[in-house]
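Engineer: Residue numbers (the working numbering), protein chains in the order written: chain A, 5 to 418; chain B, 7 to 576.
Rather than coming from a laboratory, the hints here were simulated on the basis of the structure. Every residue gets a Cβ at the ideal spot worked out from N, C-alpha and C, and that includes glycine. All the pointers check out, no bait thrown in.
Under the rule of at most 30 Å between Cα atoms (straight-line distance), these lysine-lysine pairs were calculated in the DSS-like manner:
no., chain 1, residue 1, chain 2, residue 2
1, B, Lys-540, B, Lys-469
2, B, Lys-497, B, Lys-303
3, B, Lys-526, B, Lys-469
4, B, Lys-540, B, Lys-526
5, B, Lys-431, B, Lys-497
6, A, Lys-250, A, Lys-47
7, A, Lys-412, B, Lys-373
8, B, Lys-373, A, Lys-250
9, A, Lys-288, B, Lys-373
Beyond 10 Å from chain A on every Cβ pair, some chain B residues (computed):
no., residue
10, Asp-81
11, Leu-126
12, Gln-325
13, Thr-370
14, Ser-472
15, Phe-474
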Amino acid sequence: MSAAADYLLAQNWESLLKLFWFVVIFEMPRYLLLFALTAFLPKLREDEEPFPGRVSVVIAGHSEEDTIEACVLALREQSRVPDEIVVISDGSTDGMPAKISKMLRARLINAAHSTDLRSGKSAGTNMAARLCTGDIIINADCDCSFDRHAIRNILRPLADPDVAAVCGSILPRNTHHSLVAAFQGIEYMISISLGKQAADRVGQVTCISGAFGAFRRDAFEMAGGLDAGGGEDLDLTIRLRRSGWKVRFAADAQCYTDVPETLPVLVRQRFRWERDAVRLRYRKHADMMNPFSRRFRWSELVHEVEFLIFNVLAAVALPFYLVWLFQTYGSFAPTILLAAQLGLLVLDCAVFLLAASVTPKMNAWAMMPYILGYSVFYGLYMRFVRLAAYLDEWIFRSSYSDSYVPEKVHNVRG
Amino acid sequence: MNSISPKINAVASPRRVLLVEDSSVTQDIVELMLTQAGHTVSIASDGAMALRLLAKDEFDVVLTDFHLPDITGLDVVTQYLETHPQGPRPAFVAITGDVRGLLADRANCEVFDRIVPKPLDIDLLCELVEAPVVPVVPTVRVKAVPGTAGNAIEALPLAYFRWPASRNQDVTPRLMGVDAILVESCEALDVLWRQPGVNTLPVIDMTGRLGTSADVDGTALRLGDTDRILALVELFHDRRAELHTDFLRSNEPTDRLLARLHVANTPLTPRLDGTASSLFAWNLVASSDEIGLAVSKLVAEGFLETAFHERVHHCPACQSARLIVREECSACGSAHLNEESYLHHFRCSYQGPETDFRHGDELTCPKCRRTLAHFGRDYDRPGLMVRCQACAAITSEPSVAFRCVDCATRTPADAAPTRDILSAKITEQGFSYLETGLAFLGATRQSLRFADLPLELIISLNKAASRFNEDKTPFVLGYIAHDNLLELRRKHGARQTEDARDLWIETFRQAIGPTTTVTKGASQDFFLTLDMQKLMLGPNLEVARGRADKSVRLDLGARFQLFGPEDITG
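Please build the complete structure, drawing on both the sequences and the hints.
Structural biologist: Encoded structure:
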């Protein structure tokens, strides 16, 4: 081991770059970008005045009998109580229709609609959005709960009339339930809380999460609402951005949700996300990369390229890097990998601390011990999962058959 | 100044009363009571004297005993009418111990305006004297058509009272000796119910519309039904005889209901009735509002026990249960709602009512303008929605509200109050109450009732009242109620309890001193203290009670209620 350390310490910059090219190309810039944007760019100013318009919350859920009430009660507890709450039970097979009828009678919500057949989240949300009367439509998931000021804070960026939509900050509620959930706690802090704050400073927020997002009604209607899912939230955000609207992130509009607690569930979820991202970015909206397209915009090219390099290419390059490493250095390769991982760990710690400092109300210290595992888990394991998802989508077009969307919709959507 | 004089002045129309009565005790009581009430009383002790007084003076009311030493009360009236065929005449009230016998003679019914049974109910007598005088119209008996049900009932050897009454007067005396009530019109049955005595008589329905509210449907008689009627009348007579006299002409709705249930020997049973605003009628002719209130009071007393029968919503404004149930728009309240399918266009995720899609006979998606050609492939119908035709609001579950048929008040379903319709039957305690009379309730719940007093006490009271009228010498009439009497009877037997009570009275009599007369009554005992104010008596009473209580082993639970001259004349 000391020999390995001696070897590494004896390297000059050029040879180190040759040794760790993967890290230098695919990891370092991301960290640097996060640091640079968050630390050096000023936070966008927001209007502190209460939002004057009418606010409707729409919730479409399938068989969410157990969670819907807590979600609605959290909305009723808001410092800025929504003017209207519309709930759609999308072909639920549990007691959700009865539950929402009861809440309607108790005047906890303003409208409750139940369908017998499942139509999917997009159709349900679209219908709710059309039935509600607010100037702002806040889309929420049944299993979410909200901080008291979440609604007030998510409305603030909308004071700018060019802002079409605002993404709320989503944090895991169940980080202490399992190791996998704890890793996701760190991931959400870094990639959603910190990552989107950085992206917000340069106008690069690209996905208004379906779990908690606010939309200006006219923009939502102009875009035609959600298209048949999945990844309908990313799709709508891209369409809004391509129409020239601004999209923002509200770090202090906090919403909590349960993340997968077991590895298979997490892997299935990420397969779905990554497949949808690839399908939407490189099939449906492929012309964002085409400078000759009538609708080409540089701002869209930036996030397309960012995703292509740091998500797609990084995943594809990793196996090549490993093979190259083992072929070139043989038994010395694990030591090099370990050294790389140690380096990344230092960066991860630094980024985590930055994320903790900009994420209110998250118990960051309790998660510190998990950073070691997180670093390996996300640097290696999840990258392979991502790669598998991309290949799966590219070769088998699996996003066209996943169960998030009803089969009847898969059959016809574009 | 005590309260006698103002009360005398307060009598609306003082009457001139002629009392024809040979018993000096009855003379004393009646005179005392009527004089105290502000009327003028002349007394004749036989028929000849009565006729003399009638020839000499004018009277508003003649109270005559039927059996007089010389002639009958009937003779007095017929002779008077022979000599005075024209002009105004007094109202003739017969007092008799044999009401049925008196009514058996048609002539009696035609000359007497009212008939009062013996023993005399002083309260009733006062009511009769003060009631407006109405000229007599002879009762017209409806001729029965041969072969009809009515005929079969008419042919029975029973005395009927017909409703509606043929004369606009108090029906009370005429119910004496009546066996059953023939209802020939369903109008104003609540008025019928409120007549004293009606609650203890069987009701025969001659309209065919009363259902179980009547005891017999007289319009649909079958073979053997006449026997059934006779048996029923007999049952009512028998069970009426079991009632304490307090209940025979009580005006208290609760007592009347309890008495009726006992006499009819049936539980209180509700049935659906669209004509009643409560939607329920009962197996008696009272209105359901009256019943509901009385039942809850009786249940609170422990005299009735109830069982759930039905729950109805009612209007919070007018209490009517006649409500229209309507599904209505939760936004505007209109009931003009249409049900419509949702259509879900798979390709673009538009989901909305069918009218959004329909253009002629084509279905076109309003979002993407594609034509929906194939059910199940392009689109489906995931459910139903309700669209308000008045305000175009859409809901999947219209709200439910009630509209009152009687007062048009609109009430949301969850805000409409409910009322439980209960059946009820008399409890053991209720039966005890019916047997014991008002004494069961204890003295505090009672008002002063002269009918309860033993005769010797009435005479003493009369004298005391006369003295009070002359020189304002005060007196105190006391009721002694024994709260534990019933329980002791059950525990120790009637004899032992009565012995204890006798001993108690005796000790009390000795302890209270010679100025007080102590008299034993039926369910209560009494005392009369002369030359004493009500307030001054208290300490003496307590001492006497203490000694009396000590003299007996059983705790009788004696309690006093005191009345002064001012209470008695009220």
